[in-house]
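Got chain A; can you put chain B on it based on the hints?
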Amino acid sequence: MHEEGIRQVEIGLLLEGVQQVHGYDFRQYNEASLRRRLEQWLSGSDYLSFGAALSAVLRDAAACEALVRGITVNVTEMFRDPAFFLALRKEVVPYLQTWPHAKLWVAGCATGEEVYSLAIVLHEEGLIERCRIYATDINQKVLEVAQKGIYPLKSMQQYTRNYQKAGGRAAFSDYYQARYDHAIMDPTLRRNVLFAVHNLVTDADFSEMQLILCRNVLIYFQPTLKAQVIGLFDRCLTPGGFLCLGAKEVLEGYACDARYAEQVPRSRIYRKGYA
Amino acid sequence: MTINRFIKLFCGAIILVLLLMGLLNWLAKDIQGDIVRSEQHRFESSLLAQELFQSSEELTRMARTYVSTGDERYERYYFDILAIRNGEKPRPEGYDVTYWHLAGVDKAAPAVMGEAVPLHELMRRGGVSDEEFALLREAQNNSDELVNLERQAFAAMKGLFDDGQGHFSVPGKPDRELALGLLYGERYVNEKARIMAPLKRFKTTLEQRTEAELQQQQARLQHIIVMTMSLTGLALLGVLATLLHTRRVLLGPLEQLGQQAAGIAQGNYAARCEIPAGNELGELGEHFNNLATSLGRAREEEAVRDWFKTGQFELNGLLRGDRPIVAMAGDVLQFLAAYLEVGVGALYVYEPQQEQLELVASYAFTRRKALSQTIALGEGLAGEAAREQKTICWQQVPADFLPIESALGQTTPAAVVAVPLLHDDKLVGLVELGRFAGFSDRQLEFLARAAEIIAIAMGVSQSRQRVNDLLSTTQMQAEELRVQQEELQQSNEELEERAQTLEKQREVIRLKNQEVEAASRELQLKAEELMRTSTYKSEFLANMSHELRTPLNSMLILSNLLKQNKDGNLTAKQLEYAATIHGSGKDLLNLINDILDLSKIEAGQLQYSLEEVPLSELTEALQTLFGPVAEDRGLSFQLSLEDGLPSSLHTDLQRSQQVLKNLLGNAFKFTERGQVGLRIYRPAAGDNPLAVPALAFAVSDSGIGIAADQLEHIFQAFKQADGATNRQYGGTGLGLSISRQLARGLGGEVKVRSQFGEGSTFTFYLPSDVPAATPTSTPQPAKAEVARPIPAPPLQAQSMAALAAVVADDRAALQPGSRSILIIEDDQTFAGILRDRVREQGFAALVAVDGESGISLASHYLPSAIILDVMLPHVDGWGVMRCLQGNPATRHIPVHFLTCLDERQKALSMGAIGFTNKPVSAEQLELVLQNIGAAIDKGGKRLLIVEDDATEAKSLALLLESQQIEISIARSGTQALQMLEQQAFDCMVLDLGLADMSGFELLERLSQMPEPPQLPVIVHSGRDLNEAEELRLRHYAESIIVKGARSPERLLNEVSLFLHLVQSALPADQQQLIRQSLEHEALFDQRKVLLVDDDIRNIFSLSSVLGEKGVSIVEASNGQEALQRLDEHPELDLVLMDIMMPGMDGYETIRRIRLDPRFRRLPIIALTAKAMPGDQRLCLEAGASDYIPKPVDLDRLFSLMRVWLYQGAD
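Going line by line, the protein sequences match chains A and B. Per my numbering, residue 1 is the first one in the first sequence, and the count goes up by one each step. Per my numbering, residue 10001 is the first one in the second sequence, and the count goes up by one each step.
The following block holds chain A by itself, in its conformation from the complex (with noise of 0.2 Å):
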């Protein structure tokens, strides 16, 4: 068997390994962007070959912890793509004004930006003390830097001008404090998320949602576990609630499809239906 051949075996391996040891499951994600990812990982470690991480990894939790944090993407940033932002405002908000109380969750939230943005046009439009925001990840360490709400001050720039284009209605400055070289989230912003660990592979739904936010996640998954997953996202909305996801990912094709509407086009807001 040549080289490349090896190397796949050794993938295989490693990812059934995660799964049985560390209950990690990533053998159904995307081939050729896990692949891609695992090579970076490998070349970042000290490991020579899949093969030789294989034991580490399998007996150590850090180092598994290490190849999660390296095969999943936790880039984000905040009002990405403002005009999902200006739709979510304009288009969603007006409905969750109908419900006493709502529930939105952020799945995949990585280290938060998402949360925060979701936060402050909830703020804005005087939501915010009636709804709460689970904001989940996979990945515990990347949680914490969610939870601190502290990012890179050089960032804000880009944030302003996101947010602006957002339709923000107030200074982006207002929602945080720069000390040195960082910029403090107000943390009146987070009073009402939850930050907990959630694998959108092997964990269950765990509330009735009005609003789920998953932007590129899924683009990361192969198709089966992509409907898996849109499938936990349809159990848990509420009908008349919304599913969020990335430009770049359609609602097209799925077995629940037909509940749902796209509220404004090529925004990937999707409202599920009564029927």
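None of these hints come from the bench; they were simulated from the model. A hint or two may mislead.
What the hints assert, rightly or not - Stretch-level coverage of chain A by chain B, calculated; a stretch enters the list once three of its residues show a Cβ under 8 Å from a Cβ in chain B:
1. 44-58
2. 109-123
3. 139-148
4. 162-169
5. 186-197
6. 215-224
Computed from a predicted structure; not experimentally measured. Every residue, glycine too, gets a C-beta built ideally from N, C-alpha and C.
Same frame as chain A, but now just chain B:
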């Protein structure tokens, strides 16, 4: 006196004493020698005296023995003794007392002979004094006297005698007696004693002399001993004195010095020895003192150096490592405070951008005064120090300065110092410290050095931070780039995939199109062929009828002629034959006509000429025609017309007559006796199968009747009630079929009611008044059915002609408002069964065997309900459902799916009222129909709007009107309660803010009604609700809507959701589960369970299920609340704890519960949505008794609860 001299003196004294002692000893020894010599002399002298005495004795003995024995040997011995005594013969060695005793025995003369010395010479030599010697002389002389006697005796023995001159030369006779007498005579004894006396005196004198000598010597010796002893004593005293002196002068100071040395070794440099000067030790003491002083000084300097070094070292230790400034600052400050014993302190970092100092760490620092987090340059002591970049130290501090606080009190520091931290002459921060006691120079010095170190560390940390930031920025950017690249690549791949899929789909579509094209071409060919065939068939039929009729005609005519027997030449038998030929020919002709008719009707070629036909014309013709027949057959024929019938009909006379003739003909044919009747009347609305007013021509007979199962068959071409009938009664069997087709062609219908053996009634319904717009001539049969305004079917191309019932149904007899069920099912047999069942349940049945016709029928007849299969040719069930939902006219019709596909969810989600899997049992089917019946009975849904604002109520009503629902409005709570008591509603929309009672109150009173109405409640609230209110409302209300821009839309959706759901939104199998678990269980009864979950949906479903089990539920929506509830209800039996909750999560809550000793053993079951192995371990570690994954499997929950409640019951 110096020690040196002292030692010299001491040594001299010792030597002197020793010399003296030697001398004394020597003297003593001398004296000793004298004593010994004296002793010896005395001994020798006494020996010589003894010898003298002895020799006399021996001489006596020898003499006497010789005399006695005459043995001359003794005479010799005697002279030997004398010779030895007188020194004439040598003296033998060891010459003593025993010598001569032994000589008698031992003959051998002594071998060794000494010197021949006379005894008195020996004595003289012995140092005998003259006096003594004189005595000895005397003794000797006396002895010589004796010797003379003895010589006399000897001579006597030998016979010689004294001559008088002393010579014994006178010979004589030996006289022994004389000899003996001489020797033992008195003279002899006296002479003997004369010897002894001087000897005794000698002895005594000798003794006395030697004794005196000895005593003299001993006295000298004594003297010397006394001298020696006193000298020794003197020496002892001297040594003692020396010792004492040494002790005083040497050891004491030495000890002092030793102690001091030890003290120095232990670090005590202060001790000084006090040794008087004057000797070397004194000097040594002084040196020692000097040494201690200099050592102490050195040591002190070293300690200071050490203190500095240690401080710097520890500080360096704190600053080591890659830590941000803020993290270090606290440690550094704490260290400085401890090291410098400082009471209060603060550390600031300089922010160059803002030009201010920012507080990063504080020590024992209470933010009491106006101490801001930041200090501008020049502001206050610290600011000033920072600006000047110089340490400022106040040793006297104002009274209101920041106090140093402790739990016991507080006081103002005595001194304050602010030290700027400078790195490369640039300000990086500042340390400010306050102290009770003022700062010493040493402390300030240390502070200055520490400041340098801290500044360097801060500078380094800052630059490291900068580097790190740059690095992380770069890394982040790289990561972002990578991710963007990743996403781009990802979407590219997806696009590619999609493009490929599209390509594939296009290919498939292209193929499909080709197929469709081919199919349509084929279809066209087929159609053409069909048309050709049809033309052929028509031509063929026309030709054949012509060809058949022509010979038949002649045959009939000729046979008739024969039968008349005009010539009279035929026998009866032959006549009978002719009649038979004629009859058969006629039958054949009828058959041909019927076939022709039927084929025309079926081909749509039959032309109806509609005209005004007087009713009388019809009846008269029939009367004329059948009167004779009746008579002929002996039956009565009654024709009755109801009152109020129109005088004429707009119809085709010929065709309607044909139908009636056929029916009457049949009636007569199958009736042996009794009667045949024709009744014309207007049917009641419920009796009229037509959609329009009609006239009914009922032909009844008392004939053989038709079995129920044959009723439909008789209308089918070439079928009669039973094969035997045909043979018995003749006829083609096409009559009824043609009649029904004709009737339908005329817009009417033929219906039959019959009971086997009791006759039958065929009723021919004809539309009584046709709208003027109806074309008067040649209407298409399909058009004829368009008798009432119905919505256009969605498939326009579909002509009703194609809707001819494949499976016979009741569409013809269907009347408006009658209960009907449309069966859309492609399996005709099953459709038939369904139809029968539907009829049994009292519904009219409509049957379609494909989707399109189903849709058409539905929109045409608007059935009360639809039973729908999914697997249908062309349009499948889902398509049909979508079509139905898309058409406002059919949207409300309840649809029940009956299919082999297992897509319950999909069906229900599309709005179906029910779903059943095929195959079904009879019981299931019954249930389905009951369900449908119930749904139909509900008919128009009734909605109650409770709203006290009239305008709002109106607008709500308008909003919801479009639905096919009946809306009632209650203007107050009381009114609403009244209305709810009086009638059933399907849904209630409730405004919370009513004038007479709050919505909460209304709902609570509703639930307290004796039979609380089970209806979904949608709360429509104008104000925001808090969580407690929402939870409270959730007990009664399905949905809560807050008024707002988008609330009408949601209201509309929710209302229609609840109105059209037969069952609740729960999936069916879950409902099944709930139902199964509804029975009470002794173990659960009366148990109290705390349910903690922040998801109202969960609380709700679980509490209702558990409530049904007899468990009483205490609810809490977060951890804090759970602890409160537990405190209020310590008697709780079990806790169901959600893990993911805001604020205090489940783990923490469980931990806190376990802290309370009351709840150590309380069973807690964790509900977790997480499936990772670690999560479950975490539950148990936190103290949960067990866990169950979400979504909760009720069976599993119950068994878990059974286990834990059972354990708890112990």
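Tested hints:
1. Coverage of a stretch by a chain is defined here by at least three residues with a beta carbon nearer than 8 Å to that chain's beta carbons; for the segment 44-58 of chain A and chain B the count is 0, and the condition is violated.
2. Look at the segment 109-123 of chain A against chain B: 0 of its residues bring a Cβ nearer than 8 Å to a Cβ of that chain, fewer than three, so the hint is violated.
3. Taking a C-beta to C-beta cut-off of 8 Å, the segment 139-148 of chain A contributes 0 residues in contact with chain B, too few for the three needed, and the coverage statement is violated.
4. With a threshold of 8 Å between beta carbons, the proposed coverage of the segment 162-169 of chain A by chain B is violated, since 0 of its residues qualify and at least three are required.
5. Check result for the segment 186-197 of chain A against chain B: holds, 4 residues qualifying (beta carbon to beta carbon below 8 Å, three or more required).
6. Check on the segment 215-224 of chain A: 3 of its residues sit with their Cβ under 8 Å from a Cβ of chain B, so the three-residue criterion for coverage holds.
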